[in-house]
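Kindly generate the complete structure, drawing on both the sequences and the hints.
Protein chains: 2
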Amino acid sequence: MAPGGAGDTPEVALSGPSMTSRKSVTGGGKRDEELILPINSSLSVTLSQDQLKTTTTAAISTDFTEDRIWLNGREEDVGQPRLQACLREIRRLARKRRGAGDGDSPPLSLSYKVHVASVNNFPTAAGLASSAAGYACLAYALARVYRVEGDLSEVARRGSGSACRSLYGGFVEWQMGEQADGKDSIARQLAPEGHWPQLRVLVLVVSAERKPTGSTVGMQTSVETSALLKFRAESVVPARMREMARCIQDRDFQRFAQLTMKDSNQFHATCLDTFPPISYLNDTSRRIIQLVHAFNAYCGQTKVAYTFDAGPNAVVFTLEDTVAEFVAAVKHSFPPAANGDRFLKGLPVTPVPLSDELKAALAGDPTPGGVQYVIVTQVGPGPQVLDDPHAHLLGSDGLPKQAS
Amino acid sequence: MAPGGAGDTPEVALSGPSMTSRKSVTGGGKRDEELILPINSSLSVTLSQDQLKTTTTAAISTDFTEDRIWLNGREEDVGQPRLQACLREIRRLARKRRGAGDGDSPPLSLSYKVHVASVNNFPTAAGLASSAAGYACLAYALARVYRVEGDLSEVARRGSGSACRSLYGGFVEWQMGEQADGKDSIARQLAPEGHWPQLRVLVLVVSAERKPTGSTVGMQTSVETSALLKFRAESVVPARMREMARCIQDRDFQRFAQLTMKDSNQFHATCLDTFPPISYLNDTSRRIIQLVHAFNAYCGQTKVAYTFDAGPNAVVFTLEDTVAEFVAAVKHSFPPAANGDRFLKGLPVTPVPLSDELKAALAGDPTPGGVQYVIVTQVGPGPQVLDDPHAHLLGSDGLPKQAS
Chain W
1 MAPGGAGDTP
11 EVALSGPSMT
21 SRKSVTGGGK
31 RDEELILPIN
41 SSLSVTLSQD
51 QLKTTTTAAI
61 STDFTEDRIW
71 LNGREEDVGQ
81 PRLQACLREI
91 RRLARKRRGA
101 GDGDSPPLSL
111 SYKVHVASVN
121 NFPTAAGLAS
131 SAAGYACLAY
141 ALARVYRVEG
151 DLSEVARRGS
161 GSACRSLYGG
171 FVEWQMGEQA
181 DGKDSIARQL
191 APEGHWPQLR
201 VLVLVVSAER
211 KPTGSTVGMQ
221 TSVETSALLK
231 FRAESVVPAR
241 MREMARCIQD
251 RDFQRFAQLT
261 MKDSNQFHAT
271 CLDTFPPISY
281 LNDTSRRIIQ
291 LVHAFNAYCG
301 QTKVAYTFDA
311 GPNAVVFTLE
321 DTVAEFVAAV
331 KHSFPPAANG
341 DRFLKGLPVT
351 PVPLSDELKA
361 ALAGDPTPGG
371 VQYVIVTQVG
381 PGPQVLDDPH
391 AHLLGSDGLP
401 KQAS
Chain E
1 MAPGGAGDTP
11 EVALSGPSMT
21 SRKSVTGGGK
31 RDEELILPIN
41 SSLSVTLSQD
51 QLKTTTTAAI
61 STDFTEDRIW
71 LNGREEDVGQ
81 PRLQACLREI
91 RRLARKRRGA
101 GDGDSPPLSL
111 SYKVHVASVN
121 NFPTAAGLAS
131 SAAGYACLAY
141 ALARVYRVEG
151 DLSEVARRGS
161 GSACRSLYGG
171 FVEWQMGEQA
181 DGKDSIARQL
191 APEGHWPQLR
201 VLVLVVSAER
211 KPTGSTVGMQ
221 TSVETSALLK
231 FRAESVVPAR
241 MREMARCIQD
251 RDFQRFAQLT
261 MKDSNQFHAT
271 CLDTFPPISY
281 LNDTSRRIIQ
291 LVHAFNAYCG
301 QTKVAYTFDA
311 GPNAVVFTLE
321 DTVAEFVAAV
331 KHSFPPAANG
341 DRFLKGLPVT
351 PVPLSDELKA
361 ALAGDPTPGG
371 VQYVIVTQVG
381 PGPQVLDDPH
391 AHLLGSDGLP
401 KQAS
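So the sequences go chain by chain: W and E. Count the first sequence with UniProt numbering and you get residues 1 to 404, in order. Count the second sequence with UniProt numbering and you get residues 1 to 404, in order.
Keep in mind the hints are simulated off the structure, nothing from the lab. Hints are not guaranteed to be accurate.
[As the list claims (entries may be wrong)] Some chain E residues close to chain W (C-beta under 8 Å, calculated; not the full set):
| no. | residue |
| --- | --- |
| 1 | T270 |
| 2 | L272 |
| 3 | P276 |
| 4 | S279 |
| 5 | R286 |
| 6 | H293 |
| 7 | F343 |
[Claimed, not checked] Examples of chain W residues lying across from chain E (beta carbon under 8 Å, computed):
| no. | residue |
| --- | --- |
| 8 | L272 |
| 9 | P276 |
| 10 | H293 |
| 11 | D365 |
| 12 | T367 |
Think of the CB as a built atom: it goes at the ideal place given N, C-alpha and C, for glycine as much as any other residue.
Here it is in structure tokens:
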């Protein structure tokens with residue numbers, strides 16, 4: 001499947017890693033918009049690729065006359081600044097490596113143009129961290145074709161800040177760093193994907209519409225206008241990061257869950273304190289929040305937690321033994337519309353009846369169709385190389401394969 | 001209209017002051033829930049009684065065997081703690097005054113029971129400050145029957161903190177005070193009702209439903225759980241109070257409007273930072289926020305401001321010359337349902353056509369019925385005594401008159 005495949009192609013590299021979506025459990029704004037440096041450290045959980053993934057193929061060839069990119073089958077402008085920053089950074093690292101005189105590597109022309117194709121199996125830009133997964137996968141694929149090794153945090157970060165976390169599986173911290181050049185603003189794995197096998201993640205998809213405010217624009221306005229965001233970054237997040245790391249280490253679900261909810265709420269509070277204000281949550285998001293608190297109150301302990309990114313979809317954390325009952329509560333509060341049989345995606349869930357007591361405890365009238373569907377998933381690994389050529393997205397001509 | 005009217009009634013006093021609703025432009029939580037002392041100073045505008053008012057009648061008589069109260073025609077439990085605190089406080093002041101040996105006043109038995117009737121001409125508990133208006137009016141009426149003079153801040157405050165501001169007309173500050181006993185936590189008029197004659201206030205009624213979280217319970221949880229609320233009270237509000245007072249003094253609408261919106265957003269941000277989180281705003285509230293920002297962006301200056309209390313209804317400030325165009329924009333974004341002829345209440349508004357440019361600038365699809373109706377009003381005076389006996393709510397038997 002070598003692009004061009006002609007004899008005048010001194011170097012062809014191919015890579016098709018899949019990447020995860022991921023879910024922030026703490027989040028914030030940026031201190032440097034150019035270098036994409038955050039105003040606080042943050043923590044996320046990388047999700048299984050069985051349910052949510054980005055697949056990317058990159059190829060370089062002398063036959064290519066220009067850099068080109070296709071997202072979900074449609075060619076996009078390769079000149080967009082963040083994409084250019086990624087390409088510049090990976091080529092810089094490749095040049096640096098060649099300058100270091102690594103005798104093992106074959107000659108590689110850095111002037112070769114690159115073709116990239118990438119697809120998500122979940123809605124783009126609906127607050128499901130599509131850009132984080134996409135740019136992490138891109139950084140990983142580019143590193144393979146340009147034979148760059150070592151930490152790729154900086155490459156991924158230039159595309160989308162949170163993408164650096166998605167370079168690793170399991171529980172990942174993005175250390176904000178202190179240096180002005182951002183060299184110490186890197187991702188680090190806190191615990192591997194197998195660390196907490198009982199943990200489950202449910203994505204409650206509220207809306208597949210594109211969000212009105214992109215998270216990048218929104219974040220920048222927040223940093224400029226919200227006094228609460230500054231206070232949060234300096235005075236609240238550092239202690240929370242330490243405690244969250246401890247909760248993960250100890251698999252302390254109750255405390256993990258409470259911190260996750262509080263931090264999500266506080267993040268959205270700073271969005272509202274932005275001027276003009278930003279609201280990612282809608283009425284359905286708020287009904288989900290009420291549902292989770294009512295469910296926990298009924299249980300007499302914190303068995304479920306929500307967190308929201310830059311969109312109305314909820315990501316819910318719970319343990320394996322609570323999934324079935326919580327899913328029944330979601331179905332009760334948001335009766336599935338016509339697509340009842342496709343309401344649950346991902347890991348299998350055994351249907352259980354909902355007790356009358358729990359039904360009564362879930363305040364409010366049911367909202368049919370409020371939640372479109374639920375993806376049941378778990379913690380997953382970082383980028384994986386796809387060896388099967390059928391999974392690659394570019395054909396031997398270096399162009400996207402026709403949809404089969 | 002003396003209750004009982006019998007010769008064994010040594011003292012009968014009647015009073016029927018109307019009171020205003022009012023609109024906070026800065027708000028916050030409480031530092032002492034028993035004394036109702038706030039964690040920050042605040043500022044509000046008292047609205048005209050032509051559109052929004054509470055009417056209250058109080059009477060005392062030896063014929064009355066117990067304290068009783070009727071709200072909007074229905075008898076309520078007179079034993080509720082806040083009502084009892086008001087009654088205790090007014091009787092304490094009356095006793096103190098008699099103890100001071102005021103020879104002018106006729107003898108007055110403090111053991112006489114009181115009957116109170118009160119009605120609002122706007123929905124109760126829907127975030128339109130009904131308890132503020134109600135308790136201010138009650139304090140004023142009780143002061144008349146018990147012949148108490150001087151500042152009634154403490155009496156009103158015991159009923160509902162913000163009620164102390166509603167004791168005055170125009171622009172009113174509630175100084176948080178510093179003393180533990182709350183004696184210096186009082187209301188003060190910053191500017192009288194005639195100070196800024198061009199100012200108009202539009203109440204966009206989104207929902208007449210009772211709010212799920214009462215503002216008192218919500219506030220207390222916020223004080224206990226929100227780190228952002230504490231920061232706001234200590235580090236943001238004091239400077240904003242000073243600047244807001246200056247804006248009002250100078251009639252600087254643009255700055256007044258921006259501060260009002262920022263402060264409303266920050267207040268609701270601290271509600272969201274509460275655990276469990278509190279959301280008074282709903283999707284329609286957020287559409288109104290977007291509408292105001294789009295309108296201002298189209299105008300190239302801040303001509304309209306929103307503020308939200310503990311509910312989804314918007315209170316909009318603007319100047320006289322902008323009312324007609326903004327009302328047209330509201331009608332465009334929220335096409336009135338069946339009650340089209342009663343969509344606008346209060347001050348008359350001349351219909352104007354909306355330019356195609358402005359229509360295009362108002363992003364988003366129209367939401368029919370999202371706003372139930374709009375009350376157009378302006379700044380108004382404090383409590384007024386109603387001399388007309390027909391306006392009094394208690395009959396000569398001391399019981400509520402039959403609805404005529």
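The hints, checked one at a time:
Among the interface hints, the one on T270 (chain E) holds; its C-beta lies about 7 Å from the nearest C-beta in chain W, closer than the 8 Å criterion. Taken as an interface hint, L272 (chain E) checks out: its beta carbon lies about 4 Å from the nearest beta carbon of chain W, inside 8 Å. Because the beta carbon of P276 (chain E) sits about 5 Å from the nearest beta carbon in chain W, less than 8 Å, this interface hint is met. Given the 8 Å rule on beta carbons, the hint for S279 (chain E) holds: about 5 Å separates it from the nearest Cβ of chain W.
Below 8 Å, beta-carbon pairs count as interface contacts, and R286 (chain E) has one with chain W at about 5 Å; its hint therefore holds. A cut of 8 Å between beta carbons decides the hint on H293 (chain E): the least distance to chain W is about 5 Å, and the hint holds. Checking F343 (chain E) against chain W: minimum C-beta separation of about 23 Å lies over 8 Å; hint violated. Below 8 Å, beta-carbon pairs count as interface contacts, and L272 (chain W) has one with chain E at about 4 Å; its hint therefore holds.
Checking P276 (chain W) against chain E: minimum C-beta separation of about 5 Å stays under 8 Å; hint holds. Hint on H293 (chain W) holds. Least Cβ distance to chain E is approximately 5 Å, under the 8 Å limit. Given hint, D365 (chain W) at the interface with chain E, is violated; its Cβ is 12 Å from that chain's nearest Cβ, farther than 8 Å. The criterion of a C-beta within 8 Å of any C-beta in chain E is not met by T367 (chain W), whose closest approach is roughly 12 Å, and the hint is violated.
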